[in-house]
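Colleague: Each chain, written out:
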Amino acid sequence: MAQISTPINSYSLAVHLLVLLVAMLYKQTKKLSLKLRRLIRPAKSTKVNPAISGVSLLQSKPQSELIPNQQ
Amino acid sequence: MSKLRRLAILIPAHNEETVIADTIKSCLKVVTKQDIYIVDDGSTDKTAQISKKYVPHVLSLKPNQGKAEASNTAIAHFKLATRYEYLLPMDADTQVSQHFLEQTLPPLDRDKKQQIACVVGKVIGLKHNFLTTYRIWEYEISQLIHKNAQAKENAIIVCPGCATVYRASIFQQIKIPTGTLTEDMDLTFLIHRQNLGRIVFREKAVVITQDPQDIRNYVKQIDRWYTGFWQCVSKHNIPWAGQPLDAEVAMLATEGLFNGILTLTLIALIPFAFLNHPEVLAIPFLLDLAVFMLPTFFLVIKRHKHWKIFAYLPQFYLIRLLSCLIFLVSFIKVTFGLDKNMSWRKIARYAVTK
Chain A
1 MAQISTPINS YSLAVHLLVL LVAMLYKQTK KLSLKLRRLI RPAKSTKVNP
51 AISGVSLLQS KPQSELIPNQ Q
Chain B
1 MSKLRRLAIL IPAHNEETVI ADTIKSCLKV VTKQDIYIVD DGSTDKTAQI
51 SKKYVPHVLS LKPNQGKAEA SNTAIAHFKL ATRYEYLLPM DADTQVSQHF
101 LEQTLPPLDR DKKQQIACVV GKVIGLKHNF LTTYRIWEYE ISQLIHKNAQ
151 AKENAIIVCP GCATVYRASI FQQIKIPTGT LTEDMDLTFL IHRQNLGRIV
201 FREKAVVITQ DPQDIRNYVK QIDRWYTGFW QCVSKHNIPW AGQPLDAEVA
251 MLATEGLFNG ILTLTLIALI PFAFLNHPEV LAIPFLLDLA VFMLPTFFLV
301 IKRHKHWKIF AYLPQFYLIR LLSCLIFLVS FIKVTFGLDK NMSWRKIARY
351 AVTK
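Note that the protein sequences, when read in sequence, are chains A and B. For what it's worth, our numbering labels the leading residue of the first sequence as 1, then goes sequentially. For what it's worth, our numbering labels the leading residue of the second sequence as 1, then goes sequentially.
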């Protein structure tokens with residue numbers, strides 16, 4: 001493996017540690033903002049509207065399983 | 001469209017009879033023998049015969065073509081770029097860990113838009129003496145800190161020739177470049193330059209490689225690496241293409257040059273320091289020890305349980321200074337065209353002791 005090690009690590013080590021720190025902070029901030037958003041917005045009602053659910057059920061069924069119209 | 005096979009392992013080998021069997025055995029733990037391809041690059045020992053005992057696909061080339069050219073010939077001969085989804089080139093002295101593919105393939109599989117060109121694993125060395133311990137320490141810093149940060153910047157500067165799974169289709173667009181002493185770094189720069197995709201780093205995907213056990217081989221190896229680095233810098237017009245790679249390489253190159261000059265200055269200061277002002281050398285040494293050496297030593301101890309590293313502290317300082325000087329010399333060689341007759345300097349191999 002060819003690699004450039006930096007035998008006397010000076011500024012590249014500092015720069016790379018900073019990059020890792022910023023990346024970590026960004027990730028944590030993103031996680032936190034997601035959590036906060038969930039806390040601020042109340043969870044949606046779990047009550048099911050029978051009419052809507054009926055439609056969606058019918059739409060989700062494969063064509064072969066649908067009952068054909070009575071002649 | 002015919003169904004592609006999943007992954008091929010390609011091992012270019014030149015006089016590797018000491019290690020080739022162990023390498024093939026480690027590969028057989030992760031793929032079938034049908035998916036292992038050996039290219040015997042003009043060996044004069046029993047590399048080909050030993051390989052044929054384990055795998056059916058062995059291509060012998062005469063005369064020796066060099067690692068990159070031999071790999072290109074094998075990729076074309078076995079049609080690896082069109083028959084396979086992924087390609088793992090492997091060094092003949094390297095052993096792949098059992099979980100390597102479990103770590104490297106999922107990111108490529110999930111990437112339906114094919115935005116990832118390759119996934120890079122982590123290289124670790126074996127403990128033998130102060131030199132191999134130095135390399136373990138160096139690998140830890142360079143991969144845990146530098147490579148992880150480079151991955152975030154999309155500026156990984158080298159996909160190790162022994163620890164990278166490539167999307168095989170990229171070899172329909174490019175060949176492994178020749179003309180430098182570090183074909184893996186050259187290939188990595190080419191992937192950046194041609195915008196072939198992102199390079200992902202997976203620290204948990206591990207390969208175990210052999211490192212030099214004596215100073216002579218160590219110098220040979222880093223001289224090749226550093227000279228290859230400067231050849232790649234010159235070949236790929238760094239730092240003038242405006243990619244993150246340019247900024248990253250420019251930073252490492254200037255730092256390396258600065259370190260080389262600093263080393264020369266420190267050497268020149270030794271008589272003065274001993275006679276009049278010992279603090280001239282003592283202060284930088286103590287600072288380096290406290291800020292850099294000791295924290296990184298503890299890092300290695302934590303990850304490798306290698307307490308003996310403390311005993312090697314004086315040798316580590318000598319190797320660091322030597323490396324800085326070689327980096328400076330390699331820059332001068334490439335800049336003034338003194339590297340033209342350089343060949344791929346192979347280091348001594350040794351059988352792995354269980």
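Source of the hints: derived by calculation from the structure; they are not laboratory data. Fair warning: there could be bad hints in the mix.
Said to hold, decoys possible - Each computed DSBU-like pair below joins lysine-lysine, with the alpha-carbon atoms no more than 35 Å apart:
1) B:Lys3 / B:Lys152
2) B:Lys152 / B:Lys220
3) B:Lys112 / A:Lys30
4) B:Lys302 / B:Lys152
5) B:Lys113 / A:Lys35
6) B:Lys302 / A:Lys35
7) B:Lys305 / A:Lys31
8) B:Lys220 / A:Lys27
9) B:Lys79 / A:Lys35
10) B:Lys112 / B:Lys305
11) B:Lys235 / A:Lys31
12) B:Lys152 / A:Lys31
13) B:Lys204 / A:Lys35
14) B:Lys79 / A:Lys30
15) A:Lys30 / B:Lys152
16) B:Lys302 / A:Lys27
17) A:Lys31 / B:Lys46
18) B:Lys302 / B:Lys127
19) A:Lys31 / B:Lys113
20) B:Lys204 / A:Lys30
21) B:Lys112 / B:Lys46
22) B:Lys46 / B:Lys113
Colleague: Run every hint past the structure and note whether it holds.
Modeller: To see whether the hints hold, each was checked on the structure:
1. B:Lys3 / B:Lys152: Answer holds: Lys3 of chain B to Lys152 of chain B is near 34 Å, not above 35 Å.
2. B:Lys152 / B:Lys220: Holds, at about 32 Å.
3. B:Lys112 / A:Lys30: The hint holds at about 25 Å.
4. B:Lys302 / B:Lys152: 24 Å, holds
5. B:Lys113 / A:Lys35: Given that 35 Å is the threshold and the Cα spacing comes to 30 Å, the pair holds.
6. B:Lys302 / A:Lys35: 33 Å, holds
7. B:Lys305 / A:Lys31: Judged against 35 Å, a Cα distance of about 34 Å means the pair holds.
8. B:Lys220 / A:Lys27: 42 Å, violated
9. B:Lys79 / A:Lys35: Violated. Lys79 of chain B to Lys35 of chain A sits at ~50 Å, over the 35 Å cutoff.
10. B:Lys112 / B:Lys305: The given pair, whose Cα atoms are some 40 Å apart, is violated under the 35 Å limit.
11. B:Lys235 / A:Lys31: Answer violated: Lys235 of chain B to Lys31 of chain A is near 42 Å, above 35 Å.
12. B:Lys152 / A:Lys31: 18 Å, holds
13. B:Lys204 / A:Lys35: The hint holds at about 29 Å.
14. B:Lys79 / A:Lys30: With Cα atoms ~45 Å apart, Lys79 of chain B and Lys30 of chain A exceed 35 Å; violated.
15. A:Lys30 / B:Lys152: It holds: about 16 Å lies between the C-alpha atoms, which stays within 35 Å.
16. B:Lys302 / A:Lys27: 25 Å, holds
17. A:Lys31 / B:Lys46: Not satisfied, since the Cα-Cα distance of roughly 57 Å exceeds 35 Å.
18. B:Lys302 / B:Lys127: Holds. Lys302 of chain B to Lys127 of chain B sits at ~15 Å (cutoff 35 Å).
19. A:Lys31 / B:Lys113: 26 Å, holds
20. B:Lys204 / A:Lys30: Holds, because 24 Å separates the two Cα atoms, which is no more than 35 Å.
21. B:Lys112 / B:Lys46: The hint is violated at about 43 Å.
22. B:Lys46 / B:Lys113: 44 Å, violated
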